[in-house]
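K.L.:
Once you have looked at the hints, place chain B on chain A.
2 protein chains.
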Amino acid sequence: MIIIKLGGSVISDKKTPYSFNKDIVKGIAKEIAGFYPEEGFILVHGGGSFGHPNAKEYRIREGLTKDVKRKRIGFSKTHQAMLKLNDLIINVFLEEGLPAYSVSSSSIFLIEKGDIVYGELEILRKLLEKDFIPILFGDTAIALDKGIDILSGDQIVSYLAKMLKSSKVIFLMDVDGIYNKNPKGEDAKLIEELSSEEIEHLLKSSESSGIDVTGGIGNKLREALKISSYSEVYFINGKVRGNLTKALKGEKVGTRIKA
Amino acid sequence: MIIIKLGGSVISDKKTPYSFNKDIVKGIAKEIAGFYPEEGFILVHGGGSFGHPNAKEYRIREGLTKDVKRKRIGFSKTHQAMLKLNDLIINVFLEEGLPAYSVSSSSIFLIEKGDIVYGELEILRKLLEKDFIPILFGDTAIALDKGIDILSGDQIVSYLAKMLKSSKVIFLMDVDGIYNKNPKGEDAKLIEELSSEEIEHLLKSSESSGIDVTGGIGNKLREALKISSYSEVYFINGKVRGNLTKALKGEKVGTRIKA
Numbered sequence: 001m002i003i004i005k006l007g008g009s010v011i012s013d014k015k016t017p018y019s020f021n022k023d024i025v026k027g028i029a030k031e032i033a034g035f036y037p038e039e040g041f042i043l044v045h046g047g048g049s050f051g052h053p054n055a056k057e058y059r060i061r062e063g064l065t066k067d068v069k070r071k072r073i074g075f076s077k078t079h080q081a082m083l084k085l086n087d088l089i090i091n092v093f094l095e096e097g098l099p100a101y102s103v104s105s106s107s108i109f110l111i112e113k114g115d116i117v118y119g120e121l122e123i124l125r126k127l128l129e130k131d132f133i134p135i136l137f138g139d140t141a142i143a144l145d146k147g148i149d150i151l152s153g154d155q156i157v158s159y160l161a162k163m164l165k166s167s168k169v170i171f172l173m174d175v176d177g178i179y180n181k182n183p184k185g186e187d188a189k190l191i192e193e194l195s196s197e198e199i200e201h202l203l204k205s206s207e208s209s210g211i212d213v214t215g216g217i218g219n220k221l222r223e224a225l226k227i228s229s230y231s232e233v234y235f236i237n238g239k240v241r242g243n244l245t246k247a248l249k250g251e252k253v254g255t256r257i258k259a
Numbered sequence: 001m002i003i004i005k006l007g008g009s010v011i012s013d014k015k016t017p018y019s020f021n022k023d024i025v026k027g028i029a030k031e032i033a034g035f036y037p038e039e040g041f042i043l044v045h046g047g048g049s050f051g052h053p054n055a056k057e058y059r060i061r062e063g064l065t066k067d068v069k070r071k072r073i074g075f076s077k078t079h080q081a082m083l084k085l086n087d088l089i090i091n092v093f094l095e096e097g098l099p100a101y102s103v104s105s106s107s108i109f110l111i112e113k114g115d116i117v118y119g120e121l122e123i124l125r126k127l128l129e130k131d132f133i134p135i136l137f138g139d140t141a142i143a144l145d146k147g148i149d150i151l152s153g154d155q156i157v158s159y160l161a162k163m164l165k166s167s168k169v170i171f172l173m174d175v176d177g178i179y180n181k182n183p184k185g186e187d188a189k190l191i192e193e194l195s196s197e198e199i200e201h202l203l204k205s206s207e208s209s210g211i212d213v214t215g216g217i218g219n220k221l222r223e224a225l226k227i228s229s230y231s232e233v234y235f236i237n238g239k240v241r242g243n244l245t246k247a248l249k250g251e252k253v254g255t256r257i258k259a
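Read top to bottom, the protein sequences are chains A and B. Under the numbering used here, the residue at position 230 of the first sequence is numbered 230, and the numbers go up by one with no gaps. Under the numbering used here, the residue at position 212 of the second sequence is numbered 212, and the numbers go up by one with no gaps.
Just so you know, the hints here were simulated from the structure itself, not pulled from any lab data. These numbers were taken from a predicted model, which means no experiment stands behind them. Just so you know, not all the hints are guaranteed correct.
As the list makes no split between identical chains, a pair holds if one copy fits it or if it spans any two.
Here are the computed lysine-lysine pairs in the DSBU-like style, where the Cα-Cα straight-line distance is at most 30 Å [stated by the list, open to error]:
{"hint": "1", "residue 1": "69", "residue 2": "258"}
{"hint": "2", "residue 1": "239", "residue 2": "69"}
{"hint": "3", "residue 1": "84", "residue 2": "71"}
{"hint": "4", "residue 1": "69", "residue 2": "113"}
{"hint": "5", "residue 1": "162", "residue 2": "184"}
{"hint": "6", "residue 1": "15", "residue 2": "84"}
{"hint": "7", "residue 1": "165", "residue 2": "69"}
{"hint": "8", "residue 1": "184", "residue 2": "146"}
{"hint": "9", "residue 1": "71", "residue 2": "168"}
{"hint": "10", "residue 1": "126", "residue 2": "71"}
{"hint": "11", "residue 1": "181", "residue 2": "84"}
{"hint": "12", "residue 1": "71", "residue 2": "26"}
{"hint": "13", "residue 1": "181", "residue 2": "56"}
{"hint": "14", "residue 1": "146", "residue 2": "130"}
{"hint": "15", "residue 1": "113", "residue 2": "71"}
{"hint": "16", "residue 1": "26", "residue 2": "69"}
{"hint": "17", "residue 1": "126", "residue 2": "56"}
{"hint": "18", "residue 1": "84", "residue 2": "56"}
Isolated chain A (complex conformation) (with noise of 0.2 Å):
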């Protein structure tokens, strides 16, 4: 089974509240239904333009504290938020022949902070043994800490990777892979591959490599560390058509994290 995970930055332009990039995501369907029934899938998708201003607006990683009454309600609305970019991305997939089918996070995991500490899975894996793709996204979460938080996609796909055993995560990203400066610059040069040692060097020494690992990079290299000992991982850009079909038959794009 192979985990892929849809950046928010992909399927959505962060910009533009409420954005969808229908035509990214119908061609990475396409480039799925290539390889689907043979190969299992789960999609993990974040929040682009549609999660990402309702949790900042309504303050979810501060937890339920302050103005709480506020806080449940904007809690909900982040959610259905998410259900709406889900609906979209379900449609298109549904459109080109692939059963889709929805799966809440925020239904089935229970956080602390912000790693899943309990998922329900049994629902998961029976959508799988009966040839689904479920998909599920970043969402909200009941956060044993602080009463409730943000779960970010990047977060479940490591933890169904490990609970699940992936063969393979396939990271959809709107860069090349991952670079060994800021990919803005002009000196910075793709990786081609990576060893958990050097992800732990890029890890310790954020500072003089250059890669800002406080953000999303440094949260997926983290994720990924613990992914590649049970399974392959890719960082490819999601925007060009024919990495994923690459990325699925093994060969070289983007940055691999070698076990």
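P.N.:
Below, chain B alone, put in the same frame as chain A:
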């Protein structure tokens, strides 16, 4: 904690696809707001003209047999239609200041012979602890016997009443309660109170009583029978403003099932 079942025919006009009785739902939310947060609530709604047309078109109740590919697509489409109705209801509650939170029934229940055999309730418990109002719905569900099937809202209500120990269960319908004969008939009389023994008698002598116990009412009465030993049960007209308040206060309205 009180469980309220919003019948599909109360919130939606079954004859008009995707119709939503917003004013009715708004009224119900306002009545609930008179008792929350002193009292905890779970809501479960039916499919109305959102779920049923899809479930019928794709013959979901047949299970995962014949034209399996199309069945899988229909299974997902039916769930997405239910999420749309759920979103409309959630929004009305949020507008009224009530922290409704969507929980996808198919993400937490496994069924067999149409009944729940496995339910993952940890997140529901946490949501209640934190004063959210979880809103679930009749849904498509993975079935141990048929592969896929439909899970009715009434089954969810009965399961949650048992597992979460509700103090009261209120079924909102589009008629005034349980009648001694088909309520469309001229000489039908509302039954104000029913004991367990009387329900058993009604179910056994369905022909002589004139009640259609093979349909929705029969199923509701069977579930009420299970619930009534540990929870108060009311059947009331959800379209009449003030009825819910009466039932919440324990006043005489509709049909009350005696424990």
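K.L.:
Now tell me if each hint is right for this structure.
P.N.:
Here is what the structure says about each hint:
Taking the closest pair of Cα atoms, residue 69 and residue 258 never come within 30 Å of each other, the shortest separation being 47 Å inside a single copy and 37 Å across copies. With identical chains, the CA atoms of residue 239 and residue 69 are at most 30 Å apart between copies only, with a shortest distance of 28 Å across copies and 40 Å within one. In this assembly of identical chains, the alpha carbons of residue 84 and residue 71 lie at most 30 Å apart whether taken from the same copy (20 Å) or from different copies (23 Å). Taking the closest pair of Cα atoms, residue 69 and residue 113 come within 30 Å of each other only inside a single copy of the chain (22 Å); across copies the shortest separation is 41 Å, beyond that limit.
For the identical chains of this complex, residue 162 and residue 184 are neighbours neither inside a copy (33 Å) nor across copies (58 Å), given an alpha-carbon limit of 30 Å. In this homomeric assembly, residue 15 and residue 84 come within 30 Å of each other (Cα to Cα) both inside a single copy, at 18 Å, and across copies, at 26 Å. In this homomeric assembly, residue 165 and residue 69 come within 30 Å of each other (Cα to Cα) only across copies, at 26 Å, whereas the closest approach inside a single copy is 40 Å. Taking the closest pair of Cα atoms, residue 184 and residue 146 never come within 30 Å of each other, the shortest separation being 35 Å inside a single copy and 53 Å across copies.
Taking the shortest alpha-carbon separations for residue 71 and residue 168, only the inter-copy value of 28 Å comes in at or below 30 Å, while the best intra-copy value is 37 Å. Proximity of residue 126 and residue 71 under a CA criterion of 30 Å is satisfied inter-copy only: 16 Å between copies versus 34 Å inside one chain copy. Taking the shortest Cα distances, residue 181 and residue 84 never come within 30 Å of each other, neither inside one copy (35 Å) nor across copies (44 Å). Taking identical chains as interchangeable, the C-alpha atoms of residue 71 and residue 26 lie at most 30 Å apart only when they sit on different chains, with a minimum of 21 Å there against 35 Å within one chain.
Proximity of residue 181 to residue 56 under the C-alpha cut-off of 30 Å is restricted to the intra-copy arrangement: shortest distance 28 Å within a copy versus 56 Å between copies. When the C-alpha separation of residue 146 and residue 130 is checked against a cutoff of 30 Å, the pair qualifies only between copies, where the shortest distance is 11 Å, while the shortest distance within a copy is 36 Å. In this homomeric assembly, residue 113 and residue 71 come within 30 Å of each other (Cα to Cα) only inside a single copy, at 18 Å, whereas the closest approach across copies is 40 Å. Proximity of residue 26 to residue 69 under the C-alpha cut-off of 30 Å is restricted to the inter-copy arrangement: shortest distance 19 Å between copies versus 39 Å within a copy.
For the identical chains of this complex, residue 126 and residue 56 are inter-copy neighbours only, at 23 Å across copies versus 35 Å inside a copy, given an alpha-carbon limit of 30 Å. For the homomeric pair residue 84 and residue 56, the shortest alpha-carbon distances inside one copy (17 Å) and between copies (24 Å) are both at most 30 Å.
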